[in-house]
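K.L.:
Assemble the dimeric complex from its two separately framed chains, guided by the hints.
Heads up: the sequence lines are chains A and B, in that order.
Under the working numbering, the residues of the first sequence are numbered 705 to 1143, in order.
Under the working numbering, the residues of the second sequence are numbered -7 to 267, in order.
Hints were generated in silico from the structure; no laboratory data involved.
No false leads were mixed into what you were given.
Among the chain A residues that face chain B by a calculated CB cut under 7 Å, a handful are:
#1 Leu719
#2 Ile722
#3 Leu725
#4 Ala726
#5 Met729
#6 Asn949
#7 Val1073
#8 Phe1085
#9 Phe1122
Only pairs whose alpha carbons sit at most 30 Å apart, straight line, appear in this in silico BS3-like list of lysine-lysine:
#10 Lys83/B to Lys1123/A
#11 Lys155/B to Lys1123/A
#12 Lys1123/A to Lys1139/A
Listed next, the stretches of chain A that the computed footprint assigns to chain B, with coverage defined by at least 3 CB atoms under 8 Å from CB atoms of chain B:
#13 1075 to 1084
#14 1090 to 1101
Even glycine gets a Cβ: it sits at the ideal position worked out from N, Cα and C.
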Amino acid sequence: MNIFRKLITARRLSLGLILFLAGMMYVSTLVPQEMGSSPEGIAEWRHKHEALLWLVDGFKLYRMYVQPWFAAAILLALAALVITTFDQIAAARRKLYSTGCGVEDPVVEASSEQALRSVARSRWYLSLHTGSQDKLKFVRNPWGYFGNTLLHLGMVLVVSASLYVAVTGRQGVLIMIEGETRGTPLHWDLSEYGILASPLVLPGTVRLDKVRVNFDGKNRPAAVSSDVTITDGSGSAESFSASINKIIRYRGLRVYHAAQYGDAFSLEFSDGEGRRHLEKIPVQQSTGLDNAGYGDFDLTWSPHVLSTKYYADADRKKMTGGKPQLVVRLLDKSRELARASLTPGNSGILGNYRVRLLGVEKWAKLIFVDIGGMAVIFAGFGIIMIGGVVQYTVPPRELIAIRQQDGRYLVYWRAAAFKEFYMDERDSITRELQKEAAS
Amino acid sequence: MKSSLELFMAGNWAVVIVYVLATIANVSGVLFSNERIERISYRFAGSGLALHTGVIALWWVEVGHGPYMAPNEVLSSDAWVIMACYFAFLKLYPRIKPVSILAFPASFLMLALSMFYNPGIRTLPATFRSIWLIIHIGLYKIALATLVISCAFAIFYLLKKRKDSGWLLRLPALEVLDIYSYRFAGFGFIFWTIGMLAGSIWAHQSWGRFWGWDPTETWALITCLMFGAYLHLRRFFRLQGTRASWFFIACFFISLVSLFGMATLNGSIHSEYFK
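Chain B with its partners taken away, still in its complex shape (with noise of 0.2 Å):
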């Protein structure tokens, strides 16, 4: 145990130094145009999601449960899925290129930040040993990497818009930025939904419940509907750009409220083993 425990430990600051080296260099080629420095950024985010990987399934095969019941274990994961989910949108849509510039220190800040809480092995109860937790708690991961995607078209817009010069001419045209972010907005509003679908069904699977007002249910429920509002509001009110921009972020605000301001703050169900 204890080896392992070094190991993981150990593992994870690697991946922490290669992902701030992904991270310097996609800033720096971002910033001053140079193409080959930032192909080199991809290399290190690449090498350090692969080894992220390898720390993660170590770490599984050691605790037997996925990464999802300690604190550490929720952020490590969460870091993973946004650095796999924009290099697997990256080949569906190569022009979230520069969504780079914040999903890759949005990743080793989250990573660096779960390695200050207790790596301690914590047990997974038996109701959670149901395939549900497990698409429950990976599609909100996802969505967590779309909405981040999204958010990050939001601030380019609103950068851009502010003053159109240096790095920010290489971004895409305002209307695309604003139609990007409006799409991944709804990816990810897709995923939030179904992951609280999910989660009721196995609530109902274990508890005999598919619904009880736990504040993080609430908070979630919240969440969906601001992010209907939202998709509302562009569909058929034309809200776009700047205020458009504003209103996701405020969002996006309310959902990381919910992923971990209500797991750490709150006394839920979803908060007792987060603790």
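Isolated chain A (complex conformation) (with noise of 0.2 Å):
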């Protein structure tokens, strides 16, 4: 068990698990991963990196951060902060009651117990008990000794959440029309979960009644906000309206209203041999009369890409209500075949294709999200700034004295860090005891 113990918190294990960890990070930026990368992307490296194919195969580097070894490195390191707080904790008490001097010359004498009492006192030092009638203890920020200590044990507590929301995490993306209802069982349009989790299962099903997008007096979307309905298997229905940077809690979800939303368009295509095809594409939302909203979405029935813009209004006038532009264009990887700018009820060529704006609608994107554990992960994110405030900017200084056979004291000074900072706090100290011995 000691070896364990010993080997878990050797100083150069720790150093080894931060450069590997950071190292790897760095190799997951070089390799694109899947959860963040598009199909296209992935195809093209890898065929620029052929030579490398055997090594990112062999180690699974395209999901790095699902891979049982790296999954052993974070535990590795949970288990040595774990020991390591204990050890910080057994330190920091040590400290705190020792009083030996170590290598420190005494600084001065002191006459009397009172006067440098006095002068801890008139310094913020705190007189702190040692079990010796010989020896008198002062420090000056006491708790700064646990600064290490504090910081470990936000570590600890934000690395074991952080896995624990992995793990047993999971949530369900819902992109929705104005007016459309998800039945059950409810398709997610995207849905993740940890290993240890099922998928999200809502109990019902989902209506979006309406998203309501208010625009500062700039034309820029200031409030974005949807009204959400769900109906349970009895029937019962309850509704509430989501907005961005407003979190609604249904039946132990957490409901987010993403950034992103904004105007759906109803297009007709129909080509010159009678085919006709119906496509509904959620644009995102435009941020001024002059800035346009852009989307590019695959075609099941083309081999081309239709990539959008829109104005809210064509005339340039109002954000809301208006008649909105939409150009639409159809793009063999960056090359242009054709283009059309369409209104509502009008029509336009696109190469083979007469296309015609049908209607407009209100899109918004919903998470709903279900995870516990991150009250653990807020908790050792403040214990971890309580502690690295603590470790930087107050380190302990102590005053330690030593009762002569004359009944002097032999005064020492030290910091627990950064002494060369606390030079004059010493000297002062020293100067002010040397007046009170003289007088």
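P.N.:
Right under this line is the structure:
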């Protein structure tokens, strides 16, 4: 057990783990990760780096953060942090009650205990119990001894709670258009869940009633909210309004309004042979009369990409209730094949198609999240902050006095860290004690 | 709008000129041991800072959000924070005075660079309307300022160690330079870490996730770990002097990549609005 403890708390291992994790994270920024990259981007990277594929595929570096070896490194770091935290508590207590003078030279002699106490008190040095009548100890900022302990404890809480969230958390994303209802079983547009969790299930149907976008005086979106109704299996309906930065709680779930919202355009494409295709495309909200909202879409019936942009008002007069102008382009990779400009009810020619803008509705993206452990993470954040501030801004300074046979005291001064910063404080204490002794 | 933009541009150039004068006076004062000129340089820098504050406030009112959306706003506010933090820390730690030789030119170069970006108004998305955003960004700016101070001491250490003559004689002793670099690195680490934590609180509030391995987030964590390694090495492996200075400069470079490189080169949520 002791060997394990020694091994896991070895300073070289701690340093090695820090550098290993930093190094692997760097690698993760070089090798495109599946969860944050497009399939085309990954394919292109693989094509360009064929010589490295044995390594990338062997260690599954394209999904690094969910690999067992990465989790093992985090767990090892966590185990080291837990044990070190206990060691730090012991070390802090030891320092708090230590009366050793170390290698410091005495800075001055004090004539009496009373003089010493008076000078210490005037400099915010607190008297600590030493267990000996011949030794006195005064410490300024004794809580500074616990800075490292708090830093480590905070990290333990954050890492362990993050792991808990990663394996048990789950969420589902809905991209909905006004008036749309998603039934049971609910089909998410995107769903994620940890290895110990099952996919998130909503107890009923979800309907997006209304999306509201309020604009400020300069026509910029200032507030966005969506009215949602959830009806459970028993037919009981509950309505609420979700807004960006205002989280709604529904039966233990948290409902977020994402930053993705805007206008959804219903388009009808018809070709020369009489084939018709209907598409409803949600385009991100434009952010001003002269600013367009953009979106690119793959079409199941065409090999080309439909690239779109729209202005809230073709006449550039008002953001709401105006006549939106939609510009659609057909792209072959980055090459433009055709372009058409549309307003509601009108049509245009887009390459081989006649395209008509049938109507415009609002859309929004909602995220349903079921996670526990966030309170622990935030508590850990708080403890790290306090620990950091205590560790680096208020290092303890000690005055230790040892009574001599003549009743006078030999006084030692020591700073737990950054001694050079506090030499003025030491000198001022020395001067005052010398003055006391002389008088 | 047009007159505000013209005023903003003119104000910024005026600040650049004042900062340049401060830098010239400061470098001359330090190199030629002329305290009078050095004192004048502080007056220039102080006036520049006051004017800079006014220009940032004017633009804040005009665009309706703080200086953290467009590249010109970001660089200008970074320059302001470096200058303001230098003066604030100078009050607390008078021995950091020589850092002006790096802080002044860093401020004017950043501000001058900001002028080459389009000063158009960026819209503040609704998700950005959170107090956590201001805390998140503010702490990173302060972290940058403290790291600049620490970096200055690391560079001073290396210069003085190589050849202790001329103006370098006026710098504190080597061990003092080393310990100042260490301490400000500690401050930087704390501000950086708390800034990162504030960002994750904001992300949790806005997007329902507190960490997403976004490239900028990943680089911020890499930087945090590297500064953690630096502090570990200093505390437990007695890393100091020349090797500590070089190690810190490497960490500082990584922090610049996180703050500026990722924001301009990579496709992340953090770069979307910076480009």
